[in-house]
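Chains as they are written, first to last, in my numbering: chain A, 1 to 112; chain B, 1 to 115.
What the hints contain is simulated information worked out from the structure, not anything from laboratory work. Heads up, a few of these hints could be off.
[To be verified] Keeping only pairs whose Cα atoms sit at most 35 angstroms apart, straight-line, the calculated DSBU-like set for lysine-lysine is:
1. B/K71 with A/K5
2. A/K15 with A/K42
3. A/K57 with B/K71
4. B/K62 with A/K58
5. B/K62 with B/K44
6. B/K71 with A/K68
7. B/K62 with A/K57
8. A/K42 with A/K5
9. A/K42 with B/K62
10. A/K71 with B/K62
11. B/K44 with A/K57
12. A/K57 with A/K5
13. A/K71 with B/K71
[Unchecked claim] Among the chain A residues that face chain B by a calculated CB cut under 8 angstroms, a handful are:
14. K15
15. Q37
16. P40
17. K42
18. A45
19. L46
20. L47
21. P52
22. F89
23. D98
24. F102
25. G103
26. G105
[As the list claims (entries may be wrong)] Away from chain B, derived, C-beta distances all over 10 angstroms, residues of chain A:
27. G16
28. F62
29. Q81
30. P82
31. D84
32. T97
33. T104
34. F111
All C-beta atoms in this analysis are idealised placements derived from N, C-alpha and C, irrespective of residue type, glycine included.
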Amino acid sequence: QQQVKQSPQSLIVQKGGISIINCAYENTAFDYFPWYQQFPGKGPALLIAIRPDVSEKKEGRFTISFNKSAKQFSLHIMDSQPGDSATYFCAASAPNTDKLIFGTGTRLQVFP
Amino acid sequence: NAGVMQNPRHLVRRRGQEARLRCSPMKGHSHVYWYRQLPEEGLKFMVYLQKENIIDESGMPKERFSAEFPKEGPSILRIQQVVRGDSAAYFCASSPNRAAENTIYFGEGSWLTVV
């Protein structure tokens, strides 16, 4: 019940295309859903996050879509660029807890 | 405005040796978290500390692993009698308040290789 399932494991997108990464969870107590971007040899960096009171959040080319009833959320990267090539992790946490439960990651490669 | 500083960045230990990983949180942050990332896997929570206190160690293995965050100095993650399965990237993160209330910021990690 503490798991966050992420797919796909890897994704290849052409420059200018849309990258879509999906996550699903079981624990209905989760109330914070961040996405992290990680480049090789670096630590994860927060990209964008959402709480369940909204169904969508957009920041620049990055959008989170959240479906509370389906217990799913996804990251959309519009106009994907080679510089977006990285591993992306979804995560979730429950109220009054201090730990993030991470998905297994999606390795995104954007080709010019 | 330095970020979360971890050292060493890379550490090689023989089986049975001890590994000590250090983490200095961002300035003004008094909450520290350690996560472990095994190859091709996501990050797994290990422990949450405030100054001089362990708040949540539910993710720490029962044996050989310990963590501290003293009043002065960095947080230390200590692994005794390392085994090959301990080879992983260990990430420290910090926040000004509890993670439940704030974004946490990760360091660049310490890569432990056990040979």
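We went through each hint and held it up to the structure:
{"no.": "1", "hint": "B/K71 with A/K5", "verdict": "violated (38 angstroms)"}
{"no.": "2", "hint": "A/K15 with A/K42", "verdict": "holds (23 angstroms)"}
{"no.": "3", "hint": "A/K57 with B/K71", "verdict": "violated (39 angstroms)"}
{"no.": "4", "hint": "B/K62 with A/K58", "verdict": "violated (42 angstroms)"}
{"no.": "5", "hint": "B/K62 with B/K44", "verdict": "holds (15 angstroms)"}
{"no.": "6", "hint": "B/K71 with A/K68", "verdict": "violated (42 angstroms)"}
{"no.": "7", "hint": "B/K62 with A/K57", "verdict": "violated (40 angstroms)"}
{"no.": "8", "hint": "A/K42 with A/K5", "verdict": "holds (23 angstroms)"}
{"no.": "9", "hint": "A/K42 with B/K62", "verdict": "holds (28 angstroms)"}
{"no.": "10", "hint": "A/K71 with B/K62", "verdict": "holds (32 angstroms)"}
{"no.": "11", "hint": "B/K44 with A/K57", "verdict": "holds (26 angstroms)"}
{"no.": "12", "hint": "A/K57 with A/K5", "verdict": "holds (21 angstroms)"}
{"no.": "13", "hint": "A/K71 with B/K71", "verdict": "violated (41 angstroms)"}
{"no.": "14", "hint": "K15", "verdict": "violated (26 angstroms)"}
{"no.": "15", "hint": "Q37", "verdict": "violated (11 angstroms)"}
{"no.": "16", "hint": "P40", "verdict": "violated (11 angstroms)"}
{"no.": "17", "hint": "K42", "verdict": "holds (5 angstroms)"}
{"no.": "18", "hint": "A45", "verdict": "holds (7 angstroms)"}
{"no.": "19", "hint": "L46", "verdict": "holds (6 angstroms)"}
{"no.": "20", "hint": "L47", "verdict": "violated (11 angstroms)"}
{"no.": "21", "hint": "P52", "verdict": "violated (15 angstroms)"}
{"no.": "22", "hint": "F89", "verdict": "holds (6 angstroms)"}
{"no.": "23", "hint": "D98", "verdict": "holds (4 angstroms)"}
{"no.": "24", "hint": "F102", "verdict": "holds (4 angstroms)"}
{"no.": "25", "hint": "G103", "verdict": "holds (5 angstroms)"}
{"no.": "26", "hint": "G105", "verdict": "holds (5 angstroms)"}
{"no.": "27", "hint": "G16", "verdict": "holds (29 angstroms)"}
{"no.": "28", "hint": "F62", "verdict": "holds (15 angstroms)"}
{"no.": "29", "hint": "Q81", "verdict": "holds (23 angstroms)"}
{"no.": "30", "hint": "P82", "verdict": "holds (22 angstroms)"}
{"no.": "31", "hint": "D84", "verdict": "holds (19 angstroms)"}
{"no.": "32", "hint": "T97", "verdict": "violated (6 angstroms)"}
{"no.": "33", "hint": "T104", "verdict": "violated (5 angstroms)"}
{"no.": "34", "hint": "F111", "verdict": "holds (22 angstroms)"}
When the structure is compared with the earlier hints, violations turn up for hints 1, 3, 4, 6, 7, 13, 14, 15, 16, 20, 21, 32 and 33 and for no others.
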